[in-house]
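2 protein chains.
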Amino acid sequence: MVEVEIKIQVDKEMWTIVKERVQKIGGQVIIEKEEHDIYFNSPSKDFIESDEALRIRKDVEGVRLTYKGPKIDKETKTRDEVEITINSFEKGIELLERLGFTPVRPVVKNRTIFRLEDIYISLDYIEELGYFIELEKKSEEKDVSRAITELKNIITVLNLNDYPWIRESYLELLIEKDRKKRPISR
Amino acid sequence: MVEVEIKIQVDKEMWTIVKERVQKIGGQVIIEKEEHDIYFNSPSKDFIESDEALRIRKDVEGVRLTYKGPKIDKETKTRDEVEITINSFEKGIELLERLGFTPVRPVVKNRTIFRLEDIYISLDYIEELGYFIELEKKSEEKDVSRAITELKNIITVLNLNDYPWIRESYLELLIEKDRKKRPISR
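First to last, the sequence lines map onto chains S and V. Under this note's numbering, the residues of the first sequence are numbered 1041 to 1226, in order. Under this note's numbering, the residues of the second sequence are numbered 1041 to 1226, in order.
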């Protein structure tokens, strides 16, 4: 399963406008929820270097353990992923730690997820980072160009063509922010 | 959670006798099931060397992912473990493989598990290995001597005092057997 994903950062005002537009073009609210994510690094390689990710997520729907492979195209955040449902957030963390994985950083998201046919549009507020819009389409095909075209069409309809796409994950953006906050050592 | 465990190998006849004795002293059948286990090795260290184990188990009760720490006493198979329930055997295997873990060997067990107060007695038939009896008590205490004494008492009652205790896991016994089957290279 390949996850084709485009992420755009906006300000609070634009975020509110887009939320209304998504509903106007037929987007149905699937869920509004708070997600608590913890990302882990591997004992055998640096996942930042290898562009992989391992995450435990807790939200109102349950707890999931997700592996994300390296990004596979140069434009979007497209990557393949393997996800399982697990029965405990705490025990999941403990098990990964016993296997040598180290927790990197928590990420807390407030998201409203809309569905428009087979495309998911997520209106996200990320603690410490701000407002984002994520468009996602799952693809069984290796060739993701069709999925990207579909997402681009929606971006045009939402009037978001002037906004750059962000390929960094929320985790990477937060790590970058943490780094900048630290005083420069002399 | 510490799992205090003693394992004894018997022949088929003795296995049948013990099964009857367990029932006579009040053991209640909890479940009779076939377990399909796959063990994995780590990309960052050799779990055989470090005496750790990572297992995915599928049986009629569901799918579980279990980490077992090194044995913590010299006599029994006592070790601590962390276990989570997961929703898919195949996806669990795929996720571990993507994280760099390598499947070592499958182990197929037919077991009848009896409960005698807080002790579990498992009458096991392991494909390619034969008949075994496992006694197990979970302990919240770090000091496991009391739990071991309790298990020893049951071993006496079951008339199994003359049988040596086996500290190797079924996986280790199977790997040893595979090794012996291989022709010696010249």
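Calculated directly from the structure, the hints in this document are not laboratory data. Keep in mind the model is a prediction, meaning the values are calculated, not measured. Keep in mind that a hint or two might mislead.
Copies of the same chain look alike in the list, so a pair counts if it works inside one copy or between any two.
[Unchecked claim] The list that follows gives simulated cross-link-like pairs (lysine-lysine, DSS-like), each with its CA atoms no further than 30 Å apart:
1) LYS1131 <-> LYS1059
2) LYS1221 <-> LYS1131
3) LYS1182 <-> LYS1131
4) LYS1182 <-> LYS1220
5) LYS1085 <-> LYS1073
6) LYS1111 <-> LYS1131
7) LYS1085 <-> LYS1059
8) LYS1192 <-> LYS1221
9) LYS1085 <-> LYS1131
10) LYS1220 <-> LYS1192
11) LYS1131 <-> LYS1114
12) LYS1052 <-> LYS1131
13) LYS1178 <-> LYS1098
14) LYS1220 <-> LYS1131
15) LYS1178 <-> LYS1220
Now the hints, each set against the structure:
no.	hint	in the structure
1	LYS1131 <-> LYS1059	neither (36 Å within a copy, 34 Å between copies)
2	LYS1221 <-> LYS1131	neither (32 Å within a copy, 39 Å between copies)
3	LYS1182 <-> LYS1131	between (35 Å within a copy, 19 Å between copies)
4	LYS1182 <-> LYS1220	neither (37 Å within a copy, 44 Å between copies)
5	LYS1085 <-> LYS1073	neither (33 Å within a copy, 39 Å between copies)
6	LYS1111 <-> LYS1131	both (29 Å within a copy, 20 Å between copies)
7	LYS1085 <-> LYS1059	neither (39 Å within a copy, 49 Å between copies)
8	LYS1192 <-> LYS1221	neither (34 Å within a copy, 60 Å between copies)
9	LYS1085 <-> LYS1131	both (23 Å within a copy, 22 Å between copies)
10	LYS1220 <-> LYS1192	neither (32 Å within a copy, 61 Å between copies)
11	LYS1131 <-> LYS1114	between (36 Å within a copy, 27 Å between copies)
12	LYS1052 <-> LYS1131	neither (36 Å within a copy, 38 Å between copies)
13	LYS1178 <-> LYS1098	both (21 Å within a copy, 28 Å between copies)
14	LYS1220 <-> LYS1131	neither (33 Å within a copy, 38 Å between copies)
15	LYS1178 <-> LYS1220	neither (34 Å within a copy, 48 Å between copies)
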